[in-house]
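Q: Protein chains in written order, with this note's numbering: chain A, 1 to 110; chain B, 1 to 115.
Hints were generated in silico from the structure; no laboratory data involved. Do not take every clue at face value.
[Unchecked claim] Pairwise CB distance ranges, derived in the manner of DEER restraints: (1) B/A80 x A/N56: 31 to 41 Å; (2) A/E45 x B/G28: 35 to 45 Å; (3) A/N8 x B/F69: 36 to 46 Å; (4) A/P110 x B/F69: 41 to 51 Å; (5) A/P21 x B/V96: 22 to 32 Å; (6) A/K3 x B/R57: 13 to 23 Å; (7) B/G28 x A/T26: 16 to 26 Å; (8) A/L109 x B/T9: 25 to 35 Å; (9) B/G16 x A/T79: 39 to 49 Å; (10) B/T14 x A/R77: 43 to 53 Å; (11) A/K3 x B/L82: 19 to 29 Å; (12) A/L39 x B/L82: 20 to 30 Å.
[What the hints assert, rightly or not] Some, not all, of what chain B presents toward chain A, calculated at C-beta under 10 Å: (13) Q44; (14) Q48; (15) G58.
Small disclaimer: the values here were computed from a predicted structure and weren't measured. Note that CB positions come from ideal geometry on N, CA and C, so glycine has one too.
Here's the letter readout for the chains.
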Amino acid sequence: DAKTTQPNSMESNEEEPVHLPCNHSTISGTDYIHWYRQLPSQGPEYVIHGLTSNVNNRMASLAIAEDRKSSTLILHRATLRDAAVYYCILNEGYGQNFVFGPGTRLSVLP
Amino acid sequence: DAGVTQSPTHLIKTRGQHVTLRCSPISGHKSVSWYQQVLGQGPQFIFQYYEKEERGRGNFPDRFSARQFPNYSSELNVNALLLGDSALYLCASSSVPTGGLHEAFFGQGTRLTVV
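With the rest of the complex left out, here is chain B (with noise of 0.2 Å):
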């Protein structure tokens, strides 16, 4: 079975452009969820969606937006792009939008490069 796929794998943009990643989740799964991880730090939390509405929202600034399709895949959004924005952008997937019981699938990430 397919896992998490994201897309691309890997993105140089230049300051003040806008950029779309891309996650689909493992079939069946409805959550999707996005973090950010910089160089040497842990993943953080942007957004969650599940069934197309939004659950969750991590203090990341308004630049930063996502939606979700019917089949559930999803995408993030990144207007405006600042050098700090570089990062991976992780993108995790559960059949249930609770933490807690489940466990979440990551995908390998999209390696955002902004210069």
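Excised from the complex, chain A in its bound form (with noise of 0.2 Å):
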């Protein structure tokens, strides 16, 4: 399985936007880059995945590196709920393995 290379932590103000940064060097043609985060005492949740394009949702936004071997996840405006560890997968789209690395832990100053 690609693997992806995270900091261990950032902090950020509140009200700030945050870049999150991932690293997937290896990444294949065939492989979704998702994020995914997990709050305190909570399962993970999705935030976002792409494949070459940058995408938008509710949530944040991703951009994605012309070669693909990075990407960033933005968060516009940091809140106190968003305080969690989050995650950068690739899933070459045949199954559900997500391979987890020990993510980003991110803290958010009032």
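With the hints in hand, could you dock these two chains into one complex?
A: Take a look at the structure:
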């Protein structure tokens, strides 16, 4: 399975944008890039996913590098409820076997 | 609408015992996957079932088994429990078997403690 690398932790101030990076230099042409987040004492929650083009939804934006070897999850205005562990995952699309790494723990300061 | 429901929420077992964890997917979802999350780590894939057939298996010993019922609910069974099996067990459901195009919905998990 293709691997991803993320910073262990990041900090942001409330109501400011947050850019969470993810490197996936061994990504294959059929790998989708998924982002999930896990709030304390809860199961992971879907955030966004994409293949080649940048994607936007009500929660976040996903910016994918042209060579697809890296991507960035963008939270436009961080709130205290966005404090969570964010996971960047590659999935080849043939199964549900998501390979989670340790993720990035995001702290949001009031 | 009800999300993915798992039972029980917490469980304490003794080494060597057997445990059965249950998962009810979102209505209409036919794919169920199981994950193990040890404290401080990301979830690790155990099994995926779709339409009652096993679609994928992670790197777990044969002590771990699962099945899916005609109503698409699922059970995860673990035999001969070890202390290292202590973890949060997560169930995820999806409308399709493939992960690329579609999101998975996770339950709150079952916290298993083996003593």
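Q: Given a hint of 35 to 45 Å, does the C-beta separation of A/E45 and B/G28 actually sit inside it?
A: The hinted range 35 to 45 Å is violated for A/E45 and B/G28, with Cβ atoms some 19 Å apart.
Q: A range of 19 to 29 Å was offered for this pair. Does it hold for the Cβ distance of A/K3 and B/L82?
A: 27 Å, holds
Q: Has the hinted range 39 to 49 Å been met by the Cβ atoms of B/G16 and A/T79?
A: At 46 Å between Cβs, range holds.
Q: Look at the Cβ atoms of B/G28 and A/T26 and judge whether their distance stays inside 16 to 26 Å.
A: 35 Å, violated
Q: For the pair B/T14 and A/R77, does the Cβ-Cβ distance stay inside 43 to 53 Å?
A: Given about 49 Å between the Cβ atoms, the range holds.
Q: Cβ-Cβ distance between A/P110 and B/F69: within 41 to 51 Å?
A: Distance hint for A/P110, B/F69 holds at roughly 47 Å.
Q: Measuring from beta carbon to beta carbon, are A/K3 and B/R57 in 13 to 23 Å?
A: Roughly 20 Å apart at Cβ, these two residues keep to the hinted range, so it holds.
Q: Between B/A80 and A/N56, does the beta-carbon spacing fit 31 to 41 Å?
A: Violated, at about 48 Å.
Q: Taking 10 Å as the limit, does the beta-carbon of B/Q44 come near enough to a beta-carbon in chain A?
A: Holds: closest Cβ of chain A sits about 7 Å from B/Q44, inside 10 Å.
Q: Indicate whether the distance between the beta carbons of A/N8 and B/F69 respects the range 36 to 46 Å.
A: 40 Å, holds
Q: Starting from the range 20 to 30 Å, see whether the pair A/L39 and B/L82 falls in it by beta-carbon distance.
A: 29 Å, holds
Q: Does the Cβ-Cβ separation between A/P21 and B/V96 fall within 22 to 32 Å?
A: Hint holds: Cβ distance 29 Å, inside 22 to 32 Å.
In this structure, the hints that do not hold are numbers 1, 2 and 7, in rising order.
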